Amino acid sequence: MCTPTATPPKWLIDSYPEILPVDPETGQTRGFGSRRHYDFSSAVYLRESLRITEVLARRYGDQDGVVGWQTDNELCCHDTALSGSKVAQQAFQDWCRQRYADINQLNTDWGNVFWSMEYRDFREIDLPILAVTETNPAHRLAYRRFSSDQVINYHNPMVEMIRAHAPGKFITHNFIPMNETAVDNFALAAPLEFTSYDNYPLGRTDLLLTGAPTEELRRYMRTGHPDFATYYHDQTRGLLNRGFWVMEQQPGPVNWANNNPRPVPGMIRFWTLEAFAHGADCVCYFRWRQAPFAQEQMHAGLLRPDNSKTEAWPEAEQAMAEVALLDIENKPLQAAPVAIVTGVEGQWVSDIEKQGEAYDFNNVQLSYYSALRELGVNVDFIAVDGDFSPYKLIIAPSLPIISDGFIEKCKASTAQFIFGPRAGAKTPEFSYPTNLPPGLLQKLIPIRVLSVETLRADCHEGLSWNNHQYQSGSWCEQLDAGDTEIVARYDNSEPAIVRKDRFTYIGTLTNKEFLRDFFQQQCLDAQIKTYHFGEDIRVSQRGNLLFAFNYSDQPQSLPLDPEAKLLLGNKTIEPHGVTVWQAP
Amino acid sequence: MCTPTATPPKWLIDSYPEILPVDPETGQTRGFGSRRHYDFSSAVYLRESLRITEVLARRYGDQDGVVGWQTDNELCCHDTALSGSKVAQQAFQDWCRQRYADINQLNTDWGNVFWSMEYRDFREIDLPILAVTETNPAHRLAYRRFSSDQVINYHNPMVEMIRAHAPGKFITHNFIPMNETAVDNFALAAPLEFTSYDNYPLGRTDLLLTGAPTEELRRYMRTGHPDFATYYHDQTRGLLNRGFWVMEQQPGPVNWANNNPRPVPGMIRFWTLEAFAHGADCVCYFRWRQAPFAQEQMHAGLLRPDNSKTEAWPEAEQAMAEVALLDIENKPLQAAPVAIVTGVEGQWVSDIEKQGEAYDFNNVQLSYYSALRELGVNVDFIAVDGDFSPYKLIIAPSLPIISDGFIEKCKASTAQFIFGPRAGAKTPEFSYPTNLPPGLLQKLIPIRVLSVETLRADCHEGLSWNNHQYQSGSWCEQLDAGDTEIVARYDNSEPAIVRKDRFTYIGTLTNKEFLRDFFQQQCLDAQIKTYHFGEDIRVSQRGNLLFAFNYSDQPQSLPLDPEAKLLLGNKTIEPHGVTVWQAP
Amino acid sequence: MCTPTATPPKWLIDSYPEILPVDPETGQTRGFGSRRHYDFSSAVYLRESLRITEVLARRYGDQDGVVGWQTDNELCCHDTALSGSKVAQQAFQDWCRQRYADINQLNTDWGNVFWSMEYRDFREIDLPILAVTETNPAHRLAYRRFSSDQVINYHNPMVEMIRAHAPGKFITHNFIPMNETAVDNFALAAPLEFTSYDNYPLGRTDLLLTGAPTEELRRYMRTGHPDFATYYHDQTRGLLNRGFWVMEQQPGPVNWANNNPRPVPGMIRFWTLEAFAHGADCVCYFRWRQAPFAQEQMHAGLLRPDNSKTEAWPEAEQAMAEVALLDIENKPLQAAPVAIVTGVEGQWVSDIEKQGEAYDFNNVQLSYYSALRELGVNVDFIAVDGDFSPYKLIIAPSLPIISDGFIEKCKASTAQFIFGPRAGAKTPEFSYPTNLPPGLLQKLIPIRVLSVETLRADCHEGLSWNNHQYQSGSWCEQLDAGDTEIVARYDNSEPAIVRKDRFTYIGTLTNKEFLRDFFQQQCLDAQIKTYHFGEDIRVSQRGNLLFAFNYSDQPQSLPLDPEAKLLLGNKTIEPHGVTVWQAP
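Chains as they are written, first to last, in my numbering: chain A, 330 to 913; chain B, 330 to 913; chain C, 330 to 913.
If we strip away everything but chain A, and leave its shape as in the complex, we get:
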């Protein structure tokens, strides 16, 4: 059972037009006629949402046929986290008063002395939108924090309301990627039993490879890129460090990407097994039946509008049988050997301060993840305040804001740590550490970032490591290496990567080949087993099951141990096929 708050009805909007959000890019009110036309700061809409949720929860909360609840739908989809409305402005002023207490504190924290931006009273504060040129990054960071809080403040009471009237039933929400919502998904997930994800590998691949060369897109246009689905599966699982659901799984061509190819035969089963391998407890397909009207009439279902079964149907049946055969659901989720530390603050910093057009939080994080996955290493995504103890290797691709607590946790851990560029580069109020970046991280790695340059993506230069030449580019920090060990160097022989004890700092963005080779070496050093079976093969482990997934249209011989006990598929993995064997 799902609450209907994603689509407020017309009569409600007409009664309370202040429910409508305002586009912060244009100042234009976003009207009725599609969905998500509500402002998270609207007290009226919160009240009305609780009212309908209560009615539903009271009526269906104890019914046996309702096994659990989903709240709303894809919160913040269509860029709705931010609103430029008057109610948002007033709420933001209150939020600022709450956070800073004294307006002079806010002025100091934001550096408002710059460009005469001081406020005399919280009621003077504007939203950081529609100004002549760029607004204060500290102001924008506060606006992002506020907007994220508003989403959570809107969502939490709904969860409580359902829980009050539906005891013993699970409550979940179907997340879309954090990099699309810019909301703190860890906080949003906190009150839920488990998280869910809506998995559209082809739509996402089409959008993410917009502008990619022909062969790059063609290669994956009907399979999805090998790392785009699991990148989000692993993040979704990490929000609560618990099994998750795929609430929506693409069963055929969708309607919303620029181009909407058909999955290659076998991919529905493939994606289903892949989700289970990465910790899914359930995979639902969206939609059951293709709707013959309105906005999504070209979105495939398991059934066509004439109730005939699509190709997805037997594939889903096959996947269900195989999940049962392998007893995947009951395989315990073990901690991965490697953790990626993530968090929405990195996203915010990257969005707010471009500095170079080629630096993007999500691309950086995905490139690190993808290199690890090509090595066949399981990866957990954890928050800065997560549990570090299970991991041999902890990697922070983009962690500009860190705290003393984080430093203490790193010191207390025994893991190897790798930090990507920009780590510790900002204070919590978006200023530049006066002792220079990496700021607090200097307690672990005593270096100073003397300057940062950004280069156009096609103007990369060399990076020398382990007697090989790789690429450096896009973001290049000049390091005063102090007494750290220099691991890799730029073309001009200056340090690019340094290490101090268990802590490595990468001062530049690099290419795929470097990340793969470098992480291979780190895994070797940390005694983490890798399965590098080829560019289009991905290996994952769940419990004692090892899965190989072949994203290519060619069969390939897997270099398995001759003793390996095959549970599904063959050692010569089929095109778009899956092979499962028992972990040694």
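What the hints contain is simulated information worked out from the structure, not anything from laboratory work.
Fair warning: there could be bad hints in the mix.
Identical copies carry no separate label here, and so any pair may be met within one copy or between two of them.
[As the list claims (entries may be wrong)] Straight-line C-alpha distance at most 25 Å; calculated BS3-like pairs for lysine-lysine:
(1) Lys415 with Lys339
(2) Lys721 with Lys841
(3) Lys638 with Lys772
(4) Lys740 with Lys772
(5) Lys894 with Lys738
None of the values given here were measured: they were computed from a predicted structure.
Starting from the known structure of chain A, fit chains B and C onto it as the hints suggest.
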């Protein structure tokens, strides 16, 4: 004599600001200072337009010096068919009440149950603009239908007013392409004596080839693309199935394209003869004299501002002499052997539901037309309710909405029919046929479209026909071919083109080579004579005159019958030359 | 001491919201939160600006520690010259009344009979914004003139106020390029003691080479393009024909370009000497210390936030020592042998009437300048009413509006003159000369421009001069050469460049090779010495010092006279090095 309604004066706008239209993309009022600043839904402006029209018609209606009338100017140019104003919204509500009578009927027809979009009263209906994400396609289709009706409801009374006071004088309007206005030009043309067209081959070529590779643009930048002028001539003629005028013919460089080249010497004469060959009864040049001020001061005329004659002058004189010599005006317009069924609903569907970025109504229709024209076949454009009887071959490149009446007319005809992809794919209220596409067309071709995929334009694949390999791409339908004959197949051997008796269905977009070869075969089968004289030669027939037009800068020997009686030019056609011979 | 008017405080904005400017592209008010949020037409803001200026000037005007004054900051930066506000509209109406006196005169001058654009009263006049399609170019030209006047009317009283209270102290302003502000910088500079310029070679190179091929950007990404800094130095010096200051010199990576590279080692010293060579009397670096907060926290300074010295520090010290050694400051500024006639009207015409997407005032002017600079020729920028007497060669790359007075000055001069395409092509009220372009210029060069064609930049054709083939493209005028001498021809043998006595007219845009070779010949004819030392070497003269600047990363042997007296550097000039020798 032309009515002046395209440019309402400032005093009128200041008296009635509600005349101004609103940009539906931004919600911004479109102000005074250029032209076409009026809302087709403004009752005030309709009243004022009738007032000035009546004054003019009364004063000049019976004067001998006024041979006929043109209404307004290029209706809907500058994207003015749609308005997002309050008066448009109220008129739309009334229009909906008229069409659907019952608000529940509207909710059902539009599928408003989706995303809680139900209305309780017609007065609740918004325009489908400025929403959070895409609005209901049925809502948008209604808005397009309404907007088209508003243009016709504005225009018809003006025609009646002129006719009342100018008996015996012709009334025409200078159309711009339907694909730019998204208005039903067949309906708009209905009350006129004849239609007119404003022909700007170079401006149009520059805009349509924006982004094309250098050599593709360079080849035609001073001649225009071989099919862009006649594509619109033939459509303009088809609106009333009657001779037409070129009301404006480009005589030199214009001012409004991104780049404005000079025509190659001879093109003014060439384009003039070409228009006559395609059914023009008159060609006027715009402008007589280049205006030395305001927006169009860089738009060439027959005369320069100093009254000296441009190169266009002697060319126009030559063309006039040749038209007289050949007596073209008196050559009857015969039905072409091939008809293309067209209509604005195909345009609307393509605009509203992209599904893939490479599908575009106008590009699809133009590609079909261009293939036929390269074969030297005359083409008529007809409406779905046109007369099918004269044609041996009837082609519908993009006809998503069809009716029972259309099906009956097809059955009653003896012609061969070819349907492009997406035929019958939508109901009249923009929903998906529950018995699957091609919907009603199943009565002619008993197939089912199981799914549609769209691919990026550069990711095409193979199409196998007649033992040759062609391309399939952009839009690929998966067909359950039933008991139809499979004519062509995709790479995976599934059916791509099928035929049942006289009815052929093409389930995919293909390349130019396929269309040309396939239509060549269809013409052969239907005993339609073709003249495939080369990529840059176009052959047209009017009465007993056969014309060849050479768009290239090289002479070329025409493979004419040795007995052919030459009336103009030579068998070796000159660069940018015209050869005319008598039809056998 | 700088006046603080560029950043009005929040309390003032809240008291007088009408201070805020309106974006003429969107109609949206541009709010508080960054800088320059004021409307030049706001009488309130003028009053308040004078109030704060008076307070500052009274308090600090006679203090010894204050050596001089800078007004505001980078006037019109962030596209703030134009405002679409109500106060701007009213001021524009008043300005029109002042200029045209009679509304019928305005209607006639603007050609408002076209498209029924006549006004009956000055109070009816709109700003030429937010219309359905393009507005009257005469209307837009008036709006630009008005907007420029408003900036000057705002700025002049501030200068007067400071002068009244700070007698004997200099007053300057830090200009940004005229092509970014579209304001008459000559008029703006008039009341100042000297002009200043903010020099950001890398930021500017990144932005100007956006979209350039990889190698073109990579070559200069850490040095700046060889002509971008001096192009603006020479223009800044020309505003008052007097030594200028670099008020801000980039000392490291900045924060505002799309990509922000680090200068190559040595460039801070290089750029400093370069500025002095081109007439600077002082070079300041922006910033002294990198600010650790707000919008510019990633903008490098001479010091880092921890007060450590950046690489720029010793380079600045070296430059200071070398400036002293060479005694550059005391070298007189002599008139250059070549002058470029410039003015904002050419910019306005180019902005308002594109006609072809490849014609751009600034690109045309820069291409002419760059060709001269590659020849090592000093260049002065002068206004149409400047002193022509010192020059042997006067070049007007883009001078569409000229006056009788200008013609008389040309006749009275003994210099050679070269006019670029479009010279004299518009009357002062933006109409087309009825005797055809080049209008008044016909008194010097009796030709007629019969037509203009514009071609896409990649569709260039040939230009034949001096038995060599060059390129013609983008803008090609068809000339009736009359009895002038034909200097160069198009592919079709028609005249492209003509000469009459001392006056040469170039009717087309050409390529770099042509301009360089052609100007080389003109310099030879005019007995102007050239120093063409290679594509990346620039030679400049100040007093009796000759400077060579090497923009490449390779050493190069300079072909100096064996007797040349070296004052700095070597005959084999170092990569990114400077060599200075004594003029013979």
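To test your reading of the hints: which numbers does this structure violate? Failing hint: just 5.
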